[in-house]
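**Q** Put the two chains together into one complex, using the hints given.
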Amino acid sequence: MGAFDRERLAMLVQPDRVHRSVYADPAIFELEMARIFGRAWLVLGHASQVREAGDYFTTRMGREPVIVVRHEDGSVRVLVNRCAHRGSTVCAEGRGNIERFVCPYHGWSYDRGGQLRAMPFESGYDAGKPRDLGLRPVPRVAVYRGFIFASLAGSGPSLEDFLGPARASFDDLVDRAPEGELEVAGGVFKHVYNGNWKLTLENHLDGAHPAWVHASSVAVARGAPDPGPPGAEHYFDIAVRQMRQNGAPDAVWEAIGVWTTPFGHGYLGDYHNDDRLVAGLGNPVFAEYHRALAAKLGEAEAKRILGVTLWNTIIYPNCSFMSQFRQLRIVHPLAVDRSVVYTYSFRMKQAPPQMFRDTVAFANVVNGTASWVLTDDLEVYERVQRGFSSGAVEWLNIGRGHGRDVDEANGTRRGGSGTSEVYIRAQMRAWLDYMTAGA
Amino acid sequence: MPGEIEKFLYHEAHLLDAQRLEEWLELFTEDATYWVPLEQGQSDPLETSSIIHDDRTLLELRVKQARHPRAHARRPMARTVHQVGNVRLLEESEGELRVASTLVLVEFRAERQRVWGGLVEHRLRSAGATYRIAHKRIDLVSSEGELDGIAILF
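Protein sequences appear in the order of chains A and B.
Residues in the first sequence are numbered from 197 upward in steps of one, following this note's numbering.
Residues in the second sequence are numbered from 285 upward in steps of one, following this note's numbering.
Just so you know, these hints were derived from the structure itself, not from any lab.
Hints should not be assumed to be uniformly reliable.
Unchecked claim - Chain A side only, calculated, beta carbon under 10 Å to chain B, not exhaustive:
id : residue
1  : R363
2  : V409
3  : S412
4  : A415
5  : V416
6  : L530
7  : T539
8  : D573
9  : L574
Glycine included, each C-beta is placed from N, C-alpha and C at the ideal position.
One chain only, chain B, in its complex shape (with noise of 0.2 Å):
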């Protein structure tokens, strides 16, 4: 049986699959970030672009487009399957845990299915028998390609 790590990523990556967005969204803290760098390696998220560099702000501004009417790349919403797999603690300390973990994604929406991969880094806070996620980082291993528009959340 998978840990309580495993069982929590597991739950975040359901979430999204069935497009409980708003619950999603309830997993991060109020200082949270969520960062899918533009570059490989890249280390600094304000002196270079990212595909996604969001505060809890920005991030939560991306869940509520997702439900405007008008939200042309939006609606319908893009079916996902994100498969989460070789989770690796990292680091404990302070009251958080830095997780590794990989990120197999297929999208279908109008006609076209893509696939993307990522290598993923959750910071986790522990909130009572469960955990909150401080900042999540993605990076797509086609992040420096030539990339159609990205209406997903990964």
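So that you can see chain A by itself, here it is in the shape it has in the complex (with noise of 0.2 Å):
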């Protein structure tokens, strides 16, 4: 590891381009998994997970496998799933609700704060000697608006620093549910490429790649019958209209914003507004829906909600999300060249029931692990990473917009134009930052 000092690093990230070893060498991969997701907040899921003292869900941040727990104090809590005796991890994968974790290996169990409460053949130890042994807690989580998050490392900015200006798009997506009261619901896709981690994170801002990585799709959906007039929508409309989207003209996608902040989170915005989706088109379920919106918070309150245009958001190293269909991924690098990512919908509780059907539909159209837009995305992931393998070109480059970037308020940055890269670059400058910092 001594070899990747300070200088070394700096040279494989440049403004405009980056060494493929970033993406390519196992024992960057290594120093990334102590160094960024060791380090940076990682975002875990959501409160409504984990509503109930006792109940759980397993995880993992980097490679770590985690349980996160409600604990009786209220508080959530999260341990490192792993036996303090042999290694094994207590909990199986998955969720549910539980009292004790009890490995199955010799019967250690611990309880919801990870500490050890009891274990056969405790006379084998000199008395009181084993007790001071439990899961290890991850040392800092946090939840912001119901979003919990966690960090491995013991100090670091606080979880409000590290979101800055990004936490307006958590904003966007918890204000727009009646009572801010939002679930994980409608089943969870994880869909696995052979390809780094970082590629996904690049793709979901891009506004580039649309019309020709998803060229197939955008073909068959336009030769496809045209939704149907308010009222009678039929069920195809949701992904026949996502897919035609992904061929705006190119006009479209210049005129889009794209944002960084520090960090290395970064949205888009200015384009996906309702008009553009549902409601502009007298969508009468959208209509009562911002009926309910209205009744609770006022009519202007409702318009300013509904008037917020953020879209895709990165919050940088490990999720996505969007606030119009409530869709979040979580990205676990799995290899250097192999990651999964969990995508999650949410529902409105106190929204028309079609909205969430809505959710449903377009989760499947995009996040679906046999998505006609997904498959196509995961492909070229993989040609990508292929392309890596070449010791003949050293270099990739992320130069589009560079020298156009414009500073903003708060330490944002917004790309000259739509398709600019400068998302990448502020991902690049994150990266060098974690994996410098004490270097």
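**A** This is the structure:
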């Protein structure tokens, strides 16, 4: 590891190009797990997944297996899913409600705070000796508007500082729900690809790729029957609309706003307003939802909330989400050239039921493992990763719009146009900051 | 010799393996649904996501996408063997047959071979001397797992 000192790492990430080893070298990947996934705030899930004391779900922080559990004191705890004795995971993959985590190997049992409560054959140890062993708690856990974050590092920026201006995207997601009530629902897609974890984060704000990667689904959707008029919608409308939207003219993609924030986050805006989705089409369900929101908050506030035009948002290094159809994806690196992405849908509890059915249909077409859209993204990630195996060509280019980025308030930076690669440059700056901190 | 139902299911499987997708699509009724649930024992395709939940319009888009020259994940198309077994007639009513079967599918593409297992249910309607498919449901044993992208039809 000593080989990757500050100077060497800084050589790999330059303003408009990145060395292929950043995506392909297993030694760099190991360093990323320690210095990025071992330090940053990571999105783990949502409070609705652990409502009651004892509710838990398992997930990963980087490659670290963890349990997220609601403690009887009301707090959310995150525990490393590894027995202090012989190292087995104490909790099977999945979710449920539990009083004690009991290791399947020798029966050591731990409470919801991770403290060792009981063990068979305790007489084999000096009195009191093993009681200081426990499930290792992840040192920092914080919740922002219902979203659970944790960091494996004992110190670092607060969650609020880490999110910075990107908090607005979470606010948008939550504000749209009447009374702010969101819940994870509708199943979780888990899609894997033979490519580096960063490829997903570099794709979700990329307005230059849909016309090419998604050419085939754009073409078939254009040939499909047109969506029905208000009140006479078809089941297929959401899929057809979404696939057609990827074929928007170049001028539309150029006009989208793309911003970055400190710590590598980024978001799109100024495009995906509800008029382009359902509201402006006179959809009676959306009108009913708008009335429900206005009844709680007043018409002016409802209009303000629905007028926010934030779109895809990346929270570096492990999350991507969007508020209009309430989709959130968490990226888990598995190896330098293999990653898995978990995708979640959210239900607004007090909105018309049809809105969640639309969310489910949207998830199927965009995030489904057999989707017309996602499968072509995954294919391209794998082709990019194969390209990285070339030693004859060392660099990849991240220079579109370089030199035209505009610094704005609160540390945000805006791309000169909607297809600027400003978001990749911001991610790479954050990458270098994490990788060289203390090096 | 196999009975009429088996013959029909074998024919359907053969059309997929021979990549005669347009002929395969014609086996489905205009009001057909094609469903690959995401969750085990999933009862509802509208409130919970599905790996595939298509009406006839969307199913047709899958077939057309497979033929598009820039369908990156589908060109070349995966080669497959659909092995149909354990065919059982579950119910016969109002001109429809409900038929259960098992599917073992081997897929090869881009130097990778994958094996799928599924429990299948067809709803078949008589159409002259043969049948048409009003509904097909495939419950993959791996549906809840971490899966690479799926660009084949079951």
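**Q** Does each hint hold? Answer for all of them.
**A** These are the hints, each one checked on the structure:
no., hint, in the structure
1, R363, "violated, 28 Å"
2, V409, "holds, 7 Å"
3, S412, "holds, 4 Å"
4, A415, "holds, 6 Å"
5, V416, "holds, 4 Å"
6, L530, "holds, 9 Å"
7, T539, "holds, 9 Å"
8, D573, "holds, 8 Å"
9, L574, "holds, 4 Å"
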